[in-house]
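Peer 1: Work out the full structure, taking the sequences as your base and the hints as a guide.
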Amino acid sequence: MATQVFGAPIPRREDAALLSGTGKFTADLHPANAAHVAILHSTEAHARIKGIDTSAAAAMPGVIRIFTGADVVNKMMPLVCIFKPAGVETHFPPHPYGLPGAQTALATDRARYVGEWLAAVVAETRQQAYDAVAAIRVDYEPLPVLTSAEDALRPGAPQLHDSVPGNLCAHVSHGDKAAVDEAIAKAEVVVKQKLRIPRQLHQANETRATVAQYDEDTQEYTLWTNTQIPHGNRFMICNLVLGIPYNKLRVLVPNIGGSYGSKGYLYQDAPLLLVIAKEVGRPVKWVDTREGLPRTTVHARGQVQYATLAGNRDGKITALSVTNYVDLGGYPATNGPATPSILTGRSVTGAYVIPHPFYEVYLAFANSVMLGPARGAGRMEAMLLIERLVDLFAGEIGMDRAEVRRKNMVQPDQFPFENGLGWTYDSGNYVAALDRALEMAGYKEIAQRKAEARKRGKRLGVGIGSYVTIGGVGPSSRMGREGLIGSVWGTAILRVHQTGDITVITGCQPHGQGQVTTFSQIVAQELGVPIEKIEILHSDTLGMPYAQGSYGSRSFSVEGAAVYEAAQHIKEKAIKVGAHLLKAEEKDVTFADGKVQVNGDAAQAKTLQEIASALWFDWDIPPGVQPGLEVTTYFDPTDFNFPFGSHVAVVEVDEETGAVEVVKYVCVDDVGVVGNPMVVEGQMHGSVAFGFGPALMEEVIYDQKGQLVTHNFDTYPVPRPSGMPNFELERTVTPTPINKMGAKGAGDVSNPAVAPAIVNAVCDALSDLGVKHIDIPLTPEKVWRAMQGK
Amino acid sequence: MPSKSPVSTKEAELATTGEFSLSIKVNGHPHETVVPSDLLLVDYLRDTLSLTGTKSGCDTGQCGACVVLVDGVSVKSCTMLAAQASGCQVTTIEGVSHGGVLNALQKSLSEKHAVQCGYCTPGLVLSLTDLLSRNPHPSESEIRGWIDGNICRCGVYQNVVRAVESLTAEPH
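So the sequences go chain by chain: A and B. Read left to right, the first sequence gives residues 225 to 1014 (our numbering). Read left to right, the second sequence gives residues 465 to 636 (our numbering).
Treat the hints as calculated values from the structure; they're not laboratory data. A portion of the hints provided could be inaccurate.
Listed next, the in silico DSS-like pairs over lysine-lysine satisfying Cα-Cα at most 30 Å (straight line) [stated by the list, open to error]:
{"#": "1", "chain 1": "A", "residue 1": "248", "chain 2": "B", "residue 2": "571"}
{"#": "2", "chain 1": "A", "residue 1": "248", "chain 2": "B", "residue 2": "489"}
{"#": "3", "chain 1": "A", "residue 1": "800", "chain 2": "A", "residue 2": "418"}
{"#": "4", "chain 1": "A", "residue 1": "1006", "chain 2": "A", "residue 2": "888"}
{"#": "5", "chain 1": "A", "residue 1": "540", "chain 2": "A", "residue 2": "418"}
{"#": "6", "chain 1": "B", "residue 1": "571", "chain 2": "A", "residue 2": "757"}
{"#": "7", "chain 1": "A", "residue 1": "418", "chain 2": "A", "residue 2": "996"}
{"#": "8", "chain 1": "A", "residue 1": "800", "chain 2": "A", "residue 2": "757"}
{"#": "9", "chain 1": "A", "residue 1": "248", "chain 2": "A", "residue 2": "274"}
Partner residues aside, some chain A positions facing chain B, computed with beta carbon under 8 Å [said to hold, decoys possible]:
{"#": "10", "residue": "248"}
{"#": "11", "residue": "945"}
{"#": "12", "residue": "950"}
A virtual CB, placed ideally from N, CA and C, is assigned to each residue, including glycine.
Peer 2: Below, the structure written as structure tokens:
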């Protein structure tokens, strides 16, 4: 093919429907005769439920039926936590499976967080359903409230679950603690820091929504819901929660209005609405509200880290020890506990060679919404820790912060590099990315700019955030050893029709990342077919084997790699059949530009369409070759891939108010080979913006009674366009050996650099005031207090 | 607020019956109908007219997913009653492009990759339409300031600026 399609910055094929308002989201669907569901949430953080009086609500206009926990407890098993730190023993476990303390869809006797589902009202209209919810009376007997992991783990703390002594859900550790303690004892320099990383809300613009239908004649269930894991939902609902035949549930996912890790679970609504649809004999629809979202959808981050870093005066780091406390919420979310255990736990060494690392985390239950991952999951928390500690270490030994990083970064000749906590970094040139970022940011001229800023009443600072983040989740056997049930390979069905049109069915579930476009680019390039002839199908369990979905920076480098492999299999068959049709030997033909042609005689050729036509219509097929031109391909990577990079933030702190302005933000990221640089750049814009929030303003706050103070866009601000600078992006390209495209993950890759770069910059700006650390978010008040020594 | 706001007689009617006799043009089509007086404009568009291109994101006027034009002025349709738009011309995203043909602004947003998940996109298109009708050559800070009420959690702001700048820089 004359033009290079793979790697070209072509506009997205998804855009027209979204720009013209024709793209349907779950809340836009309304099956005929659908009734509306509204949920009654617990207003108490921890209480015994003595009674729920629905009589007044049931008599209200339009109310069809009200369900409480007692009505459904015998119709469904608890929700599923698929994580078990000791490793998966079986993929068909008895349920309840995984960590103890699984949640039921509607609470029966006890509420463990504000927002827990107590009842579901079914009514003719949404308004009527909500009006009836307001008329339900709950008799609560308040119980003592646990407000944090450390609170929950103290001796004598009230018990949240009878099956979980001391509220300790699990303790997970990596590394050799004795060796690390010894290295710390011997070190010339030791720095310690406690970091409190608050919870973050994903705050997708689209709240969660579900539509469920049951067909009495066929006994078939249909579910439309905005989940990142349609196949996972189908499996968990059928086999573990409802016990209905796998072939009787179809899950479809319309467009998703953003997720950032918030929609990759089995939540209450999906199985509950299926039960309700069958019970009331009508389709039912639930659309969450903005106020409901932070009470019904997982939160993220939320770690209290105690970190110790040891090293020598020559700048070499020798040991790192981390003890982490995490509040999982009232119950374990589907895979939530894996984030602090694995994604933070194995990542805390960052971009550095640290001979003696140790990490442990106490996962506790407390009275809050369940915890899950968010974009940059676990790695952002890990990078903030290590990047802060490296800056403190540099300050302690009086060495330039960039120089300390260069001295300790993994060098290009050290790959594959085992980091001592379970990751094997695949490839990279970490110092090169750092040096380029420093150059772009004007690192050498900073002293001069600081002096200039002071004249304007601003304290200027510069901060570095270097990172390595795991992407390409993941190799299936490894994920099993990590304790996560389910396969994690990529799946692709590629069919070349007799017309030459191509259908690809992918296992990934796009929600803004542009896979319809980028996967088309893979196929167009490999098979020499115009993009317009390629359709990419996804997000429907009908006609598709079990597949994973989109999360963990896995779509392009795992599901995309499956598409790439599928195209190779198509080419192999095309060559075999093409040679036959051309009456040539296979060794004498080549697949190029969408044709099989005889070497040295391009005029003798068969197009892919001609070959497909022969195969589908069975005119002239060589012996031993099956008809049809289609393939189902699985790609199970041998390991994760590890994107990396360095960001540099330049900030100005207002001396009067403590307000932080990021005046320059530079990113040098490396995600290996990219399929569409414009799409990758967009992912980075989003990933960085998603880091600006927690660095500067985002924080989930519970009061001492466990009430959620931050519950809408007023009380929980998110970055808006006028508050952010233009991000200056560059990429280096280090291919991964893990897949043939050389592509690494990109979705939540650059996020982990942001908070460390900004916090390091602010601490640099305030260093002469003796400020060593400020916990995120860096609100004006916090920064001002730090400046005043308060 | 548009100039043609509800007249006092209609307000009186609203107070006594809980219903309102609505006369409205949406994307050029006239509608005469009786609606609940507390029906939000966004719900009228989405639920009554099935114009689901207008999105609902927060119900509190914070996120901008529901922006439509009322007599050419961008309005968050969750902050306005359908009754208040009586006598007005409303333009939703469905009225911006026809038969799948994108207008210049929409094309530019696609070409500069200012669309990701697409949930904020209809509101953003209508906000920018209003901006460009007032200010054909907005500066970067004017663009960012104007769309401050359109939350995009995917982070497309920078590419929105590029899209608008490329549109307004070229003769068209």
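Peer 1: If a hint holds in the structure, say so; if it does not, say that too.
Peer 2: Comparing the hints with the structure gives:
Annotation: proposed proximity of residue 248(A) to residue 571(B) holds, straight-line Cα distance about 20 Å (limit 30 Å). This hinted pair checks out: residue 248(A) and residue 489(B) have alpha carbons roughly 24 Å apart, not beyond 30 Å. The straight-line distance between the Cα atoms of residue 800(A) and residue 418(A) is roughly 63 Å, outside the 30 Å bound, and the hint therefore fails. Of the supplied pair hints, the one linking residue 1006(A) and residue 888(A) holds, its CA atoms being roughly 22 Å apart against a limit of 30 Å.
The suggested pairing of residue 540(A) with residue 418(A) holds, with an alpha-carbon distance near 22 Å, which does not exceed 30 Å. Distance check on the hinted pair: residue 571(B) and residue 757(A) sit about 21 Å apart at the alpha-carbon level, within 30 Å; holds. About 11 Å separates the Cα atoms of residue 418(A) and residue 996(A), which keeps this hinted pair within 30 Å; it holds. Taken as a hint, the residue 800(A) and residue 757(A) pair is honoured in the structure, with Cα atoms around 23 Å apart against an allowance of 30 Å.
Taken as a hint, the residue 248(A) and residue 274(A) pair is broken in the structure, with Cα atoms around 42 Å apart against an allowance of 30 Å. Hint on residue 248(A) holds. Least Cβ distance to chain B is approximately 7 Å, under the 8 Å limit. For residue 945(A), the interface hint holds, since its Cβ comes within 8 Å of a Cβ in chain B; the closest pair sits about 4 Å apart. A distance limit of 8 Å between C-beta atoms decides the matter here; for residue 950(A) the minimum to chain B is near 6 Å, and the interface restraint holds.
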